[in-house]
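Protein chains in written order, with numbering that gives the first Met the number 0: chain A, 0 to 838; chain B, 0 to 198.
What the hints contain is simulated information worked out from the structure, not anything from laboratory work.
Just so it is clear, the structure is predicted and the values come from calculations on it, not from any experiment.
Be aware that one or more of the hints could be misleading.
As the list claims (entries may be wrong) - Cross-link-like lysine-lysine pairs, in silico, BS3-like; alpha carbons within 25 Å at most:
hint, chain 1, residue 1, chain 2, residue 2
1, A, Lys47, B, Lys23
2, A, Lys9, B, Lys62
3, A, Lys524, A, Lys538
4, B, Lys154, B, Lys170
5, B, Lys23, A, Lys9
6, B, Lys62, A, Lys47
7, A, Lys7, B, Lys136
8, B, Lys16, A, Lys47
9, B, Lys136, B, Lys185
10, B, Lys23, A, Lys7
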Amino acid sequence: MNLDLWNKVKELLTTALALPEDARSSFLDQCGGEEEVRDEVARLLACKSEIGTFLSQTVGGHKLEESGAYSPVCNPGVILANRFRVIRFLSRGGMGEVYEAEDIELNRRVALKMVMPLVSRDPNCLQRFKREVKLAQQVTHPNVCRIFDFFRHSATVSSGNLELVFVSMELLQGETLADRLLRIGKMEADKALAILSQVLSALEAAHAVGVLHRDLKPGNIFLVPGEGPNLCRAVVTDFGLALPLSEDSSRSVTPATGSGILGTPAYMSPEQLENGPLTPASDIYALGLVMYHMATGALPSKDETLFVMAARRLSEEIPSPRRFVPEIDPLWESVMMRCLERDASRRFQSARAVAKALSREESIVKVTHKTRRGLQSVAILPFINASGDSEMEYLSDGITETVISSLSRIPTIRVMARSTVFRFKGRLDNPQAIGRQLGVAKVVVGRILPRGASLNVGAELVDVENGWQVWGEQFNRRFDDIFDLQEEIAGKISLKLETKLGREEKKRFLGKHPQNTEAYRLYLKGRYFLNKRTEADIKRSIEYFERAIVSDPRYALAYSGLADAHTTQAFLFPVRPPAEFMPKAQTAAMKALSIDESLAEAYASLGVVAMRYEWRLAKAEEHFTQAITLNPSYATAHHWYGECLAAMGRGEEAIDQLRQAQVLDPLSAIINAVLAAVHYFAGNYVCSIEQCRYTLELESNFWPAYQFLGMSHEARGEFPQAIDTLRRAVDSSRRSSLMLSALGHAYAVNGDVRASQEIYEELEQLSKVRYVSPLNFALIKIGLGDADRAFAELERAVQGHSAWLVFLRVDRRFDPLRADPRFGEIMRQVGFSRSFSAG
Amino acid sequence: MEATPSDITVLLRQLGKGDSRAEKELFPLIYSDLRRRAASYMRRERKDHTLTPTALVHEAYLKLVGGHNISWQDQNHFFAVASQVMRRVLIDHARMRLRAKRGAEPVRVVADEAFLFTEQKSAELLALHEALIRLAKIDARQSKIVELRYFGGLKISTIAQVLHVSPETVKRDWSHARLWLFGALKDRPRHEFGPMEQS
């Protein structure tokens, strides 16, 4: 058959198939055209009546999703079991069909749920099912759909005997949570909470009488409209699949049918997927996924098949909902992630516990939301250099920088950090989309164009929501006016953003900027390399900061940059003892302050010296808070302050600071990695793992992310992953001693003494050519269980001011030593006094 | 041939950019993995029927691509190629099954290599395979859609994305192809492409 004829066949066939069955042949008869075409269509239509289940499943026996309309078993008007008149077909689920029917005897409307043949044909299965229904009948609770009774119906139909088994239930009016989520996407927290608390009390009531749901999902949660616009009654249906728990509700039962899985894999707990014993914690898992769906509008890895989605959960961590909803309530996030622990014993053990956890901090969360709402948010996109001369690039970048740093000093404006906005350099075609991606209300776009001896700068402020230009202006200045020009633009934009720029704050702008562009350019390069956190890049950053200082000896920021480069090197790649870097860093930071006493960056630098060298955390905290007061938009100050709080054991606050840093500079790899670190120190290993993965997506091979990914796996006892990841950390850090010791420790804890000793020897060899902190030796010895040697090395580490000791209190790898009196002594020397650790 | 996830993701990206040579390179990589997986499935003689060819494809996906971050388009391409591969693996297997039965050629059957399908199912599969080849000559897209759905277990929406057509078109083509194939196979003795029989 040629293509032309085949296309005609398809067209005719499509039309015929859309017609009622008995109308098809007369339709064909009326059609003109080629006989060959009509014959072929007739032949194919004839197949329709006998096709049966042909190709209704995949080769492996998986049911294919329906591609056509569905015709239910019972038509309206049919009387079932001499008692129910079918009114209409409602839905079809995993269990079978659901109808609305009239109960003739009691004169009321009910829902009838057909039981699938798998259950109804097997007498044993049916017996068990009946028992379960009896059990579920006992659950009378406003948030649980009432089950009335169990019926059979036999009838003779054309295809043979029809045996129907069904359950009558309370008829619910409204939509399911699944429908609602499909309609509105994600849900606001307060609305979600209103539903969730009802679902929790339904679960609590059912668990109390020994009934597990086993298939909790949005499709089984009905939302019945109640009084008031936002009120609704949430009703959990389908407790029919639940199995009786034994009297001792801590003992578990195995699934009903013994073969096959009943339920929806999309919301199933790992133990249910693996056919393992089920407990109330299995329902809690499903509940966690329901929460996830409500908060993010989808399940994790939503675009995959149900099977892959479920299979992934067996082996992989669930990505934090924060990835999809950055503003998610931290309380929700943590409750949800705990419900979703793979290990059932790590989850909440009862619905009541979940409800309690959710209600506890409700008020706190609301307050923090309020305080952040007043902020204006803006991203200054890199000004475009329209000159075609790459030499002018420093000017366009410089103007962008100046505007960013000027605006950053205004407490009521949240300004996207430079490192984030500069990622968009060269791809600024759609500023509105970039603004949306960064989650800011407004963006500033600008361009520079030199004209003879003067420079033309155009800037405009665009509202991200509607794309309108809020403000736009052109400036023409002679080249020697460049810094005044930058001030002018910053001032204009700030005014337009309706912020109160006090006279004092205006003054503060002055003196921040170098008197020559060369110094400024060098400073920016220094910051850029410092943020990469590799040994070579940190060295380069020191060179750039030093050159910036040579170029402009009164340039305060350059001194602060130099201080930060020194402290970072001493912390991460101490090729020489900390005593050789830290005092230099302190001097540089003091110098910066002597030039500009209001320089936030310099206070942050001082804080780092106090934290990592002097281990004076209280003093460090003062410096950091001072830095943040001076410049609330300085992401790095939040980042280091968070590190300091983590070291003190104030995990929640630490996470909060890092989140603030992340909001200010969302694409910074180091800030994202340190967010993982503070999760690790707070014992949130799942969050840490997730955050590390996210960081690695931002910047592949970023070794600090591998470090905490590996350490978190180790903390969870997942040694193969831990070792594999820490090996990558070693490689990507170019075998830094800090990473070698982390790997050596993991080997040792995993019992691979030989591999651990090899690492130890490598460190010993290394220590002959460069400084290796004794702390690294100590960590491996702890892993090997050699407490005496570990303490000896720790003593040396204290003498040598090893920076990592600041985490003595929170790094769980020190745990084996904690009971030893010698550890108390080390803690004291590092400055963790008894009164402090008590608080 | 041992493929690393990064090889696979690189090839998938090339395929996504329209480089059809990548498909030729992907095929053997996925084939060797799926064959190994199918063989070990048979060896274990698993009684639970959760591990089916569709599941094997998904397992292979997790193994070969899982840890890597690839776009949905690229992932769809993986499943599209894997459906094709799965078809080959199963057809090869069915052929071997029937040859072993006939004894026409001595086939060395490894002791622990049990068969995935009964002879009957093997014959049916081959018949379907041949009918699909004939259908492809009349309507290549319909044949492809059957391959993706039946051998790969792909959803209609995914198929629509892979083939750059609307889901409605996929549904229509599927229902036509199903009729056509049924017509082509119905006169064979004992056609049964419904539920797979447990051997």
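How the hints compare with the structure:
no.: 1; hint: A:Lys47 to B:Lys23; result: violated, 37 Å
no.: 2; hint: A:Lys9 to B:Lys62; result: violated, 40 Å
no.: 3; hint: A:Lys524 to A:Lys538; result: holds, 12 Å
no.: 4; hint: B:Lys154 to B:Lys170; result: holds, 10 Å
no.: 5; hint: B:Lys23 to A:Lys9; result: violated, 32 Å
no.: 6; hint: B:Lys62 to A:Lys47; result: violated, 40 Å
no.: 7; hint: A:Lys7 to B:Lys136; result: holds, 16 Å
no.: 8; hint: B:Lys16 to A:Lys47; result: violated, 40 Å
no.: 9; hint: B:Lys136 to B:Lys185; result: holds, 20 Å
no.: 10; hint: B:Lys23 to A:Lys7; result: violated, 34 Å
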